[in-house]
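J.: Below, each chain spelled out in residue letters.
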Amino acid sequence: NAGVTQTPKFQVLKTGQSMTLQCAQDMNHEYMSWYRQDPGMGLRLIHYSVGAGITDQGEVPNGYNVSRSTTEDFPLRLLSAAPSQTSVYFCASSPTFSGNTIYFGEGSWLTVV
Amino acid sequence: EDQVTQSPEALRLQEGESSSLNCSYTVSGLRGLFWYRQDPGKGPEFLFTLYSAGEEKEKERLKATLTKKESFLHITAPKPEDSATYLCAVQLSGTSYGKLTFGQGTILTVHP
Numbered sequence: 001n002a003g004v005t006q007t008p009k010f011q012v013l014k015t016g017q018s019m020t021l022q023c024a025q026d027m028n029h030e031y032m033s034w035y036r037q038d039p040g041m042g043l044r045l046i047h048y049s050v051g052a053g054i055t056d057q058g059e060v061p062n063g064y065n066v067s068r069s070t071t072e073d074f075p076l077r078l079l080s081a082a083p084s085q086t087s088v089y090f091c092a093s094s095p096t097f098s099g100n101t102i103y104f105g106e107g108s109w110l111t112v113v
Numbered sequence: 001e002d003q004v005t006q007s008p009e010a011l012r013l014q015e016g017e018s019s020s021l022n023c024s025y026t027v028s029g030l031r032g033l034f035w036y037r038q039d040p041g042k043g044p045e046f047l048f049t050l051y052s053a054g055e056e057k058e059k060e061r062l063k064a065t066l067t068k069k070e071s072f073l074h075i076t077a078p079k080p081e082d083s084a085t086y087l088c089a090v091q092l093s094g095t096s097y098g099k100l101t102f103g104q105g106t107i108l109t110v111h112p
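From first to last, the protein sequence lines stand for chains Y and U.
Under my numbering, think of the first position of the first sequence as 1, with each following residue one higher.
Under my numbering, think of the first position of the second sequence as 1, with each following residue one higher.
I should point out that these hints are in silico values taken from the structure, not numbers from a laboratory.
Be aware that a few hints might be false.
[Claimed, not checked] With a straight-line cut-off of 20 Å between C-alpha atoms, the simulated SDA-like cross-links for lysine to any residue are: (1) 69(U) with 27(U); (2) 57(U) with 42(U); (3) 42(U) with 7(Y); (4) 42(U) with 101(Y); (5) 42(U) with 51(Y); (6) 42(U) with 37(Y); (7) 42(U) with 22(Y); (8) 42(U) with 111(Y).
Work out the full structure: start from the sequences and follow the hints.
T.: Written out as structure tokens, the structure reads:
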């Protein structure tokens, strides 16, 4: 039972480079989201999706892009990496009904130099 | 503005020394309050969801309670393996069911 799978686990980027963080879930969940976790800031929502073809912005969307072409996958793109995007990124998924449990992946550690 | 505040920021306990973690919230409408455990280098692991004031849920040495303004995570006779960061998050009414607003977490260390 894989749950929510994130790749890569660790990545170092140079300022200005682009990259994609991958997220896949095998639970047929409609809802998927990306959070970033920074010391003293808690987890903050970047982007989310309520189903294939539907995405929306969260609390801190600037510098990130998402798309949802399938139910299973929800990649997060950094178009031009900046040092301020150094963080730990978590993908989450859940069914969209009351009483749902929200599941998180193991995280992707990104350093931008 | 919707806010979630956890206290204390860090808590050190001796093995067997019971205590409580607090999560206070100021939100326009609460659909649910979630507790997660996070180990170093790992993603948040779901513990409980509470939906209405007066509700309580238990799991091993942990018990979560909810009032109209705050939630407590009570830890009874903790063991070193309970050491982790405990995260509180709220799900707001009128928002997508998967959206959570998190507090900053409480780092719990239990010494043998």
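J.: Next, verify each hint and record whether it holds.
T.: Evaluated hints:
no.	hint	result
1	69(U) with 27(U)	holds, 9 Å
2	57(U) with 42(U)	violated, 24 Å
3	42(U) with 7(Y)	holds, 14 Å
4	42(U) with 101(Y)	holds, 18 Å
5	42(U) with 51(Y)	violated, 26 Å
6	42(U) with 37(Y)	holds, 12 Å
7	42(U) with 22(Y)	holds, 17 Å
8	42(U) with 111(Y)	holds, 17 Å
Consistency with the previously given hints fails for numbers 2 and 5, ordered from lowest to highest.
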